Amino acid sequence: MSTITYREACRQAIRAALQADPRCFVMGEDVGRYGGCYGVTKGLLEEFGPQRIRDTPLAENGIAGAGVGAALAGLRPIVEIMTCNFSLLALDQIMNNAASLAHMSGGQFAVPLVIRMATGGGRQLAAQHSHSLEGWYAHIPGLKVLVPATVEDARHMLAAALADPNPVLIFEHIVLYNAEGELDEAVSAVDIEHAKVRRSGTDISLVTYGNSLPKCLAAADELATAGIQAEVIDLRVLRPLDSATVIASVRRTHRCLIVDEGWRSGSISAEIAARVADEALYELDAPLRRVCSAEVPVPYAAHMEAAALPQVADIVAAARALVSPAG
Amino acid sequence: MSDKLHLDRAGLHRLYREMQRIRRFEARCVALYQAQQIRGFLHLYDGQEAVAVGVMSALDAGDAVLATYREHGHALAKGVPMDALMAEMLGKEQGCCRGRGGSMHLFDQSRRFYGGNAIVGGGLPLAVGIAMADKALRPGAVTACFFGEGAVAEGAFHESLNLAALWQLPLLFVCENNLYAMGVPLAESDAQPEVYRKGAAYRVAAAQVDGMDPVKVAAAARLAVAELRVGRGPYLLECRTYRYRAHSMFDTQAYRGKDEVDKWRQLDPIARLQDWLLANRQISAEELAGIDAGIGAEIDAAVAFAEAGTPEPLAELTRFVLMDSVVQEQTP
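In the order they appear, the protein sequences are chains A and B.
Read left to right, the first sequence gives residues 1 to 327 (UniProt numbering).
Read left to right, the second sequence gives residues 1 to 332 (UniProt numbering).
The hints are simulated quantities; they were obtained by calculation from the structure and are not laboratory data.
Please read these numbers as outputs of a predicted model, since none were measured by experiment.
Worth double-checking, as some hints may not be accurate.
What the hints assert, rightly or not - Which residues of chain B face chain A? A few of them, derived with a C-beta cut under 8 Å, are:
#, residue
1, G101
2, I119
3, L126
4, N162
Stated by the list, open to error - Label pairs and their computed distance ranges (CB to CB):
#, chain 1, residue 1, chain 2, residue 2, range
5, A, D21, B, P313, 34 to 42 Å
6, B, V321, A, E180, 35 to 43 Å
7, B, V184, A, Y300, 37 to 45 Å
8, A, Q19, B, A27, 51 to 59 Å
9, A, G266, B, D251, 34 to 42 Å
10, B, L137, A, Y34, 25 to 33 Å
11, A, M1, B, A153, 51 to 59 Å
Where a beta carbon is used, it is the ideal one built from N, C-alpha and C, also for glycine.
When you get a sec, could you build the whole thing from the sequences and use the hints?
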């Protein structure tokens, strides 16, 4: 075991990928000299040179499309888009090409492309750098959507994504970059198919991902002091969604609270709720509930931003209301 | 016709035959559309044949090609079998994309034909990436990306020219300037309607050529490709051309007069090449009849193949949403 930051885990993952496969390269805005907008690629230009750590102009659609083309023709690009808000400029290439080419061509082409981007709020970056759009991308057939929440996933999901023949988007939460965790050196790979039970419990399932995972774990600690044993499910992968792990948990706990930093309306949390209702409605002893971000552009001021995002207290209150409605 | 490029008899016959194949293939598509055997959008290349055929004559089999939703001609000229194209038009499993793409999304992996893109400008960034990969993995290979002048107003055009120039990619940008983006004339959509001049802003070598003359297009493309093969790229080639027919099958053409269309028809690349070949004794009436009969037979066979084709089983609907392998990297 060693303690490591999430940022360092991301960097180690990229470094290992570049060492393992000469076809692999990184391109994006400020990934080279600057070291990455969030510092993830720092030092890699010096180690791998400008062909493999490729600074690009500010051209998100062009970069994403170039990634698709390079993947089609034999390379293994890792495209970095600074934040998922900027990825909207690349949405055409991500959806109309990366996600569609395999099916549209009748299976003649796979697109082995990885796009990494920062997501989420909590650092007072205001309304154009703080949103959580991974749920949108999880709407699109043909993509895989990963949301690493632990240093282990940050360290190992990239290799699995690169080994996958399909376009994979990885959403790294901006608050997690500085988070530290224990990395078990005995683990050398992770899957990108399954959700994981991060804490076992019997009274309620907290279903979450990304930076809401540490919040749910903190909420579970607090609930335990009140005698409520919460099970915490880390989705890890939003598409394809591992509903089986969620349903199995709900069958154990009979209560389900979904915590999602995305907006509530039309969100991944709504999808999970629908699946639980479809497959386990009669297992439920209480209504399905969600804690999501307020439906506003995330504001700058600290108190307003905190109010807009799911917080531990919100999760605790919602869980308590489900477990002991009268109390 | 230009005599700057030396083309032998066989080469000239090839240009004629390839243009005529495209025109007559599409004429049959129109009939099949009217018979409701082809549905959806059908964008005809009628009038523009010299561009695809001229450029393709300068390319090798190992070069990559990307085109637009008006790409029947590019697919044929790149060597995609007519059988598979016609079956695709009819939505059959034997089509080049199993009937999933239709007219606007023709692909042929084995011939490096990367579509068929129905987002205006959508193919240009892809071409940048393919050229990047080729520069690293297939030295000497060239990517040709066709797009209309409408795409020039898209950000993707500017981003792609800049990226290709920064990275000195072996990428031939071919603008098929047919003067209208659907119904909007170029002068109303672009402050600088001389498309090739936009190359200078990105330090991309550029030329403008008469896109109604296959020999001139071939000559210009050959010059450009020679530069690209030795690492001096990218290159922007503007081909001035014209589509005789509607944008798609539903278009009243209120944006232009019949006189204008008739004027351009006088410049028809196929008729003019045929006249020139006959006048200069480069082809005999018998040879011409032989070529035309061969094309007719090829089209009849393609239609028969397509009509005999079968629909893809419904159980396959979700197949290839996700792939099990990087199929294009597996040797057959």
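Now for the hints, and whether the structure bears them out:
no.: 1; hint: G101; result: holds (5 Å)
no.: 2; hint: I119; result: holds (5 Å)
no.: 3; hint: L126; result: holds (4 Å)
no.: 4; hint: N162; result: holds (6 Å)
no.: 5; hint: A:D21 <-> B:P313: 34 to 42 Å; result: holds (37 Å)
no.: 6; hint: B:V321 <-> A:E180: 35 to 43 Å; result: holds (38 Å)
no.: 7; hint: B:V184 <-> A:Y300: 37 to 45 Å; result: holds (41 Å)
no.: 8; hint: A:Q19 <-> B:A27: 51 to 59 Å; result: holds (57 Å)
no.: 9; hint: A:G266 <-> B:D251: 34 to 42 Å; result: holds (36 Å)
no.: 10; hint: B:L137 <-> A:Y34: 25 to 33 Å; result: holds (28 Å)
no.: 11; hint: A:M1 <-> B:A153: 51 to 59 Å; result: holds (56 Å)
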